[in-house]
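Same order as they appear, the protein sequences are chains A and B. Quick note on this note's numbering: the first sequence kicks off at 1 and runs consecutively. Quick note on this note's numbering: the second sequence kicks off at 519 and runs consecutively.
What the hints contain is simulated information worked out from the structure, not anything from laboratory work. Computed from a prediction, not measured in an experiment: that's the story for all the values here. Among these hints, one or two may not hold up.
[Unchecked claim] Coverage of chain B stretches by chain A, computed from C-beta distances (three or more under 8 Å per stretch; other residues unrestricted):
#1 675 to 687
#2 806 to 820
[Claimed, not checked] For lysine to aspartate or glutamate, the following EDC-like pairs were computed, each having C-alpha atoms within a straight-line distance of at most 16 Å:
#3 A:K115 <-> B:D799
#4 A:K223 <-> B:E566
#5 A:K163 <-> A:D98
#6 A:K121 <-> B:E566
#7 A:K144 <-> A:D82
#8 A:K213 <-> A:E511
#9 A:K279 <-> A:E476
#10 A:K282 <-> A:D402
#11 B:K643 <-> B:E750
[Stated by the list, open to error] Chain A side only, calculated, beta carbon under 10 Å to chain B, not exhaustive:
#12 S174
#13 P176
#14 S179
#15 I182
#16 I221
#17 N234
#18 P387
#19 T393
#20 R397
#21 H401
#22 L425
#23 D458
Every residue, glycine too, gets a C-beta built ideally from N, C-alpha and C.
One-letter residues, chain by chain:
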Amino acid sequence: MKFARILGGVAALALLSPFAAAADGGSLVILSTQTPRHLNGAVQSGTATAVPSTQLFASPLRYDAEWNPQPYLAESWEVSEDGLSVTLNLVKNATFHDGKPVTSEDVAFSIMTTKENHPFKSMFAPVETIETPDAHTAIIRLSKPHPALLLALSPALAPVLPKHVYGDGQDPKSHPANSAPIGSGPFMLESFTPGEATILKKNPNFFREGYPKLDEIIIRIVKDENALLIAMENGEADIFPFMTSSNSIKRMQGVERLTVTDQGYAGIGPINWLAFNTKSEKLSDKRVRQAIAYAIDRDFITKALMRGVAQQQRGPIIESSPFFDASIPAYDVDLDKAKALMAEAGFADGMELSVDYIPGNDEQQKNVAEYLKSQLKKIGIEVSVRPSPDFPTWAGRVSSHDFELTMDVVFNWGDPVIGVHRTYLSTNIVPGVIWSNTQSYANAKVDEILNAAAVEGDPEERKALYAEFQQIVGDELPIYWLNASPYHTAYDSRLGNPPMTIWGPMSPLDEVYWKEPK
Amino acid sequence: MAGYLLRRLAYGLLLMAGVVILNFFLIRLAPGDPAEVIAGDMGGATAEVLAAIRADYGLDQPLLVQLGRYLGAMMQGDLGESYFFNRPVAELIGARIGPTILLVLAAQVISITIGVAMGVMAARKPNGVLSGAVSVVATIGYAVPVFWMGIMLIILFASIIPIFPVEGMADIRLRNEGWLERMIDILHHLALPAFSLAVIFLAIYARLSRASMLDVLGADYVRTARAKGASERSVLFRHALRNAALPVITVAGLQFGGLLSGALLVETVFNWPGMGTLAFDAILRRDYTLLLGVLFCAAAMVVIANIVTDLAYRLADPRLRGET
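Excised from the complex, chain A in its bound form:
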C-alpha cells in the first residue's frame, strides 16, 4: 500500500514537474563528453568551457549563420577608415548577475585580460589600448589593421568579465570566480560540480528584452557514449552536440523524436588531417608528400570509413568559410602518379614510415591511420601505426617533433588569423607546444602572405591573399587535409531556434524555446 502511494507520488511528480510547462520556460538538458576545467572562456579555450561560458557571459558581438556580426553588448560598432580603431557603442541597460551595470571599463578590462591570458595570442595581439570616453563607449586602438577582431569579439572568444570581480589582482587563470562566474549573459550559475554537471538558471534581468526563453539549462557530463545515446533515446536529455561517431549519428537519426544536423560548426572549422614532419629526411621532399596525397582516397575515408557522415576537406581553411579557395589542388587518387613521384624523389624502392594518431576517437583518427598502412603499401611505403595510450603521450611526441606522420584534428576558430596561421607560420615553430607549427614548415612567401592577410582590411583583397596561400601550401603539402570533423547535433524536434549559427552550441542559447510542452 505504502509502495503504491510512493509510486503514485512519483507519477504525480512527473506530471507536475517543470518540464511539463508551456512553451516559454522549461528546462534544457545538454549532454557532453567533455569536462570543463572551469567556466571562464576568457582564459580557457575549448568547447567544454565555451558552452557554459557563452551562457554566463555576454560579449560585444554575436554572429548569425552566414558569418554576419550581430549586435549584442555592443548595439553598434564602427571600424575607422585606416582600420586602426574600432568603436563599440554599448547597450545601456546591461547588468551583471550581481546587479552592477556593464560599462566600457568592463569591456576594456576583459579584452586586455583575454589578450594576456587566452592561449589564442593572435586574437587581440594588435590591440594596444582601449579608450573609454564614457561608460558606454569603448574605442579599441590597434597597432595595425586587424580584420579578425570582429570575429574575436564573439561570445566564445571574448566574454565580458566584471572588472569589480576579476580586477582584484589575482591571477585570472586560477581566479576562484572562474568556478562561480558572474557575467551578464542570459543564464546565471546555480551550481558547478566539476566533472559532473553545470546547472544554469534564467537571468531575469537579461538586457535583451523577452529573453531567455528557457528557465534553466543543465549541462551533464557523461563519459560513456553508449549511456549518453540511451539517455537521448529515453528522453533523459534534450540535446547532444559535438557528436562525431557515425554510429552515434546514425543511431540518433533513427530516433523519431530527434532531429540531427551538421549545422552550427562552421565557426569552429574542425579539420581532420595528416601532418608531415617536414624535417624528417624521408619527408622533406614535397614529391614524397604529394605521392602520399595521391595515394590517399578521401572519398573512401569519408564514405566508407566514416559511413558518409563526414565531408571532404581539401585545404587549410574549412570549406564552409568564405576564405576557402575551391581551386586548391585536389590530389584525386592516382597510384601511378604517386609511384612516379616516389621514384623521382629517389625512393623507387619505397620507404618505412610511422604514423601517430590521437587516441580516443577511433573513427576519425585510428581507423584512418590503419587505412594509411594498407593504402600506402600500394606505393611502396611500409607504414607502422604507433599508438599512444592517452592524449598526453601523443601530445608529448608531436610537440617535441618526435614523429614522421601524424593524424591530428585542428580547429580554425572562425578567422584564419586565430586558428589557421599558427600551423603554417615559420615563426610559430615552437618545440614543446602542441598545435603550433609542429610540421616545421617554413616558407618565407607563406609567412609574408599570412602577415599581409592579417592586416588587410578589404575583404576581397584578403580573400585573394588567402587564395594564394592555399595554392602554395596545396602544392607543398606540409599537411594533407582529409575531412571536416563531422560534428553533428542531435536535438529534440520540439525545440525552437536550435543553435545553428556559425558558433552553434558555443553561442548564447537565449532564443531557444520549447515549441510545445515536453
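Add chain B to chain A, keeping to what the hints say.
Chain B alone, transformed into the frame defined by chain A:
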C-alpha cells in the same frame, strides 16, 4: 584489545605512507605531464605559458623536493590542489566519496544477503538440483567481468526494456523536489550499478557459505540440536549459520579492496559520480595530486575496513575475545 587496535592502526598508517610514496613515483613514470594536458585543453600554449604552468605547480622542482613538499603538506592534512580543476583535492574527493561508499555498501549488502541465502539453500541438499543451480550461477557470476555485466544490464534494462536510468546518481531535474522523491530517484539510479558490482562477490559468498554450511551441518552440535528436537529453521539459522558466517565475515573484509576497484569500473560504465570516475579522469589528465589523494583515501578505506572486520570477527567469535 586496545593494544591490538593501536598496533593495527600503526601498521595501517605505515601501509598508507607506502601507498602514497609508491604511487608518487609510479604516476610520474607515465609519459606526458599535467602542463601539457592543461595546455592541450587550452588549445595549445606558448613555451612560456607551459613553463609558467609547471612553475605554478612546482613541477619544475626535482622529484624528491616535490615528494618532500607533498608529504609535508599531507602531515598537516592538506592533500594539495588539483592541477586540472584548480580546486582543493579534499573538496573534490569530499564531493565524490559519499556516492562511492553508497555504491560499495549497497553492493556489499546485496552480495552478502543474496550470496549467503543462496549458499544456505544449496547446503541443505548438497546434491540437489538447487545446489547445482547455485554452483552454476556462482561460477558464471565469478567469471563475468564486472564492466561487461554493467554494459549488458544497461542494454537490457535501460535500452531494450527502458525501466532504469543510465546516467549518474540522480535526475538533476528533480533536485528541488522533496527528500522522499529524491531518495527514490537515487535508489532507482543505484539499482543497476550496485547489482553489477554485487554479482561477482555474490558468487564468492554463495560458494563460501555453501562450503562452510556443509562443514558445520555435519558437526556434532548440529546433530545435538536436531536430536533435542529443534526446528529446522532454528538449526539452520541459530546454530549452523552463526558459525558458518565466520569465514564470510573474514572474506567480506578482505574483499573490500576488490569492491573498491570494481567500483572504479562500474562507476565509469554508469557515469556514477564517485571516486572511481574521479581517479580515471585524473590518470588521463596526469592530475598527480588528485590521483594521489584518491589513492590515499582508497587505501585508508581498505585499512579501516580491515580493522572493522577484525573487530567484527572478534565480536562474532567468543574464542578470540581474550586474545591481544
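Cut-off 8 Å, C-beta pairs, minimum 3 residues; does the coverage of the segment 675 to 687 of chain B by chain A stand?
It holds, with 7 qualifying residues against the three required.
Within 16 Å, alpha carbon to alpha carbon, are K223 (chain A) and E566 (chain B)?
32 Å, violated
Next item in the hint list is P387 (chain A). Is there a CB on chain B closer than 10 Å to its CB?
13 Å, violated
Status of the hint placing I182 (chain A) at chain B (closest C-beta pair under 10 Å):
18 Å, violated
Hinted contact I221 (chain A) with chain B - closest CB pair below 10 Å
With a minimum Cβ separation of about 8 Å from chain B (threshold 10 Å), the hint on I221 (chain A) holds.
Holds or violated: is there a CB of chain B closer than 10 Å to the CB of P176 (chain A)?
Status holds, d = 8 Å.
Per-stretch coverage check for the segment 806 to 820 of chain B, three Cβ contacts closer than 8 Å to chain A
Answer violated; 0 residues pass the 8 Å Cβ test.
Holds or violated: K282 (chain A) with D402 (chain A), Cα cutoff 16 Å?
14 Å, holds
Hinted pair K163 (chain A) and D98 (chain A), Cα distance within 16 Å
Between K163 (chain A) and D98 (chain A) the Cα gap is close to 12 Å, so the pair holds against 16 Å.
Are R397 (chain A) and chain B close enough, Cβ to Cβ, to be under 10 Å, as the hint says?
8 Å, holds
Given hint D82 (chain A) paired with K144 (chain A) - CA-CA distance at most 16 Å:
9 Å, holds
16 Å Cα cutoff - pair K115 (chain A), D799 (chain B)
30 Å, violated
Hint compliance for this structure: hints 2, 3, 4, 15, 18, 21, 22, 23 are not met, and every other hint is.
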